[in-house]
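Chemist: For reference, the chains in residue letters:
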Amino acid sequence: MLAALTRILGMQNLALAEDVVQDVLCRALEVWKYHAPPDDPPAWLLKAARNRAIDLIRAERTRRQFAPDLQLGSEWTLAPTVTALFGESEIEDDLLRMMFSCCSPNLAPQAQMALVLKLLCGFGTGEIAAALLTTEAAVEKQLARGKRALMRAGALYQVEGRAQIEKRLEAVQHALYLLFSEGYHGSRELVRAELCVEAMRLCFLLTEHQACKTPRTFALAALMCFHASRLEGRAAGDGTLLLLGEQDRSRWDRRLIQRGFDLLDRSAEGEQINEYHLEAGIASEHCAAPSLRETNWQRIVQLYDLLLALRPSPVVALNRAIAIGEARGPEEALAALPPELPGYPFLAAAAGRFHQLAGRQAEAARCFTRARALARNRAEERLFDSLIHKASEHP
Amino acid sequence: MPNYLYVFRGGMPPASPQQMQQQMQKWADWIQQLTKSGNFKAGEPLERGGKVLSGKKKLVTDGPYAEAKDLVGGYLLVGAKSIDDAVELARGCPVFEMDGSVEVRAIQEMSM
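Taken in sequence, the protein lines are chains H and E. For the first sequence, my numbering assigns the number 1 to the initial residue and increments by one for each residue that follows. For the second sequence, my numbering assigns the number 1 to the initial residue and increments by one for each residue that follows.
Only chain E is shown next, with the shape it has when bound in the complex (with noise of 0.2 Å):
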């Protein structure tokens, strides 16, 4: 089974900290789902703010400083049988009810 990666962008940060634990439960549920039916592999939530090194000299700078919506939030990756499976799964994902972006790319696998 091919793997594949799902990088979240967006999403509204929660307005309380009852709504942060509704959603975190949402996110919970879903790769408990994705667990039991066997696509999980692995994955993390992302903080906000972080580093970003660029260019010859290796730059350090704070950042990214992308707008909301392109903000990447975390990522997954699951197994499934083709891209369109992984575009079928990742319809579940909670993000979407907070206005983000789920992009689906699949694992290059190196032959060399």
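Here chain H stands alone, though its shape is the one from the complex (with noise of 0.2 Å):
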């Protein structure tokens, strides 16, 4: 709704826009106490939204600056450009539109991602400081600055033709898959399953437009399906985070991971291979696998092989040497970890599980205890905890 009426009504009126939304759904929670709700209510939002800007654009014409590439400026036109702009497919072209003027270069990936919650996905300043781990006073000065840009810019960006678009679908695809990773490697609470949730939705219609539909995106989208399948079995019941080897695989979900499959197909056509290729293929494999110790671990090093060298960094490589400790055992996986991940505690936790493997528990229980100083949640304190607990049993 807010990208539609930010495509009515121009971008530089963006702060406008977001006030008819909070206008249109205070009415409608205020006619839906007296009245019984509409059958289809998102229906009556729409037309609520629309009806609203028909008669804002009457009444501020002569004011005001509208989006200047429509037809608003007189009554012959009026209602049935706005009515043809609230119609499905081009509310979703504006939703596109809008997320890549969001990912703008000329803000930094935490700013976009707090844009696309705020403006496409429609969570409050609280919840993307819960979602993104941070202060509501940081989403708030981010999100102004953010909007100011956006303003600046005065229309919404125009997602047409592969290669102009090239640069920008990369920083789209980029964002949302730092959402859906904010997401999935947070604990398990409610907004941040959502983020997944909710980057998922705005990749898959990436894969529906004509423009965005690249190897690219698609194989961003079958990363997140197979990562998405295994969300309802990473927490035990109370909330710990489980070890891949110490989860129930019947409940990982088989469509989604049909869904990656089918998708992944569809990502191998052209000649390049990039980065979210080659981790939808390590998840793939996972998912393929009926345990952990039936993965085919050996392809697994190739994949972190090839992504190590396409994109280096040391959570990768950290990656590929848990991948390698269960191809090839403990000793060379402590060869192969990376030197330091500041911040990070999972360095820390794969080392100790090495020592534990080749069985150092003191090592293994001082490396656990490393960890658990660097837990960034509940979920991670607990599970350390009990590593160390385990560790120093049998000493």
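It is worth saying that the hints were derived from the structure and are not from the lab. Just to be clear, a hint being listed does not mean it is correct.
[Claimed, not checked] Here are some chain E residues the structure puts well away from chain H; computed CB gaps all over 12 Å: (1) ASP29; (2) ILE31; (3) LEU34; (4) GLU44; (5) GLY55; (6) ARG105.
[Stated by the list, open to error] So the derived list for chain H, only partly shown, Cβ under 7 Å to chain E, looks like this: (7) GLN71; (8) GLU75; (9) THR77.
[Stated by the list, open to error] A few chain H residues that face chain E, going by a derived Cβ cut-off under 10 Å, partial list only: (10) GLY73; (11) TRP76; (12) LEU78; (13) ALA79; (14) PRO80; (15) THR81; (16) THR83; (17) ASN106; (18) ALA108.
Glycine included, each C-beta is placed from N, C-alpha and C at the ideal position.
Now that you have both chains on their own, put them together as the hints suggest.
Modeler: See the structure below:
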């Protein structure tokens, strides 16, 4: 709704568009309190927003400039133009265009994510702060700065032509990837699982758009499906994180896994292999394996080798080391670990696990204690506590 | 480029809400075309009823109660190279499908 309104009122009137959304929602709550809610609430809301937009343009068109490329100046065209832009496919297009606008190269990735959550997912400031593990004040600031940048842009980004949008599409994919990762690697609190859902919803929109459905997009969507299929199985009933080996694989969502494989097939056209292909490939190996031991670790190590060459990072190196541990044993894995990874508990945790496998329990407990000190949420703390406990039990 | 006024007269009232929507869409499409070609300047549709002031006493009456075919239903201001050009442009007007007419008048440029 906001994307359509911004399209009609013009990006410079983003704040006005937000007010209209707020207005419409408040009116709806008021009306629905006394009358039965309509049969199709979303349609009702869209209609209300459309009417509100038309009224607003009538009242303000001499004072304000709205979208200059639209026919809003005359009654002959005002209502038909606005109504057409509230059609389903138009709304989806506007959503995409808003997404591309939010991922401007002038904004930091964190700010891009905050804007996407605010403008496309309807998150409140508090929810965004919780989702991105930051403070409300920081989110507030990022949003204000981001919105000013958007308003200066004057119009929504034009999503047309593969070559023209290529760079920006990569930024959009990256923002969705980060959004998904934020949700996936956090604990299982409601708002964070929702991040995954929103990232997937937006990513699927990309897979349906002519210019956006590139092999990269399909690979990213596949990756999300594979990971999301394991969301339910990742935590025990009390919210404790479970390691891959402890997870009940029957709880993984087979439908999502199948969808992931379908998407991965569609991503296979073209010459280039990209990091999403590789990550999706790795995730698919995990999903296809009946158990931890029967996983094709050799293949996973190969994929990590490629990924590390394509996009060197300590996190990738860490994951590669873990795969090496499964494929070739703990000593080689320890040698493959990256030297350091500030603020990230799972490097120490992995080292601990390898020492444990090599029979050095005391060393393992020391590593887990280091990891515990870096834990970022309650679920991680509980996980490391139990690991320390186990390591100290069998010296 | 001189300006011309189109005055639309007549046109059957729509029989159903669907028909009304179709008609509105046709008008919108036509004006969209005129905008893209750079001819459209301004214009609005008019409600059917209104008031008429007349005479030295400025008598106000309800109206106009002209025959349906003479009733003005709207106006448009367009820019065109010549009156012939303006007439040509008016051929696309949806009012003809509804048995209406378009009067094309040049805007008089006053010089003092």
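Chemist: Against which earlier hints does the structure fall short, listed by number upward?
Modeler: Failing hints, ascending: 1, 2, 3, 4, 17, 18.
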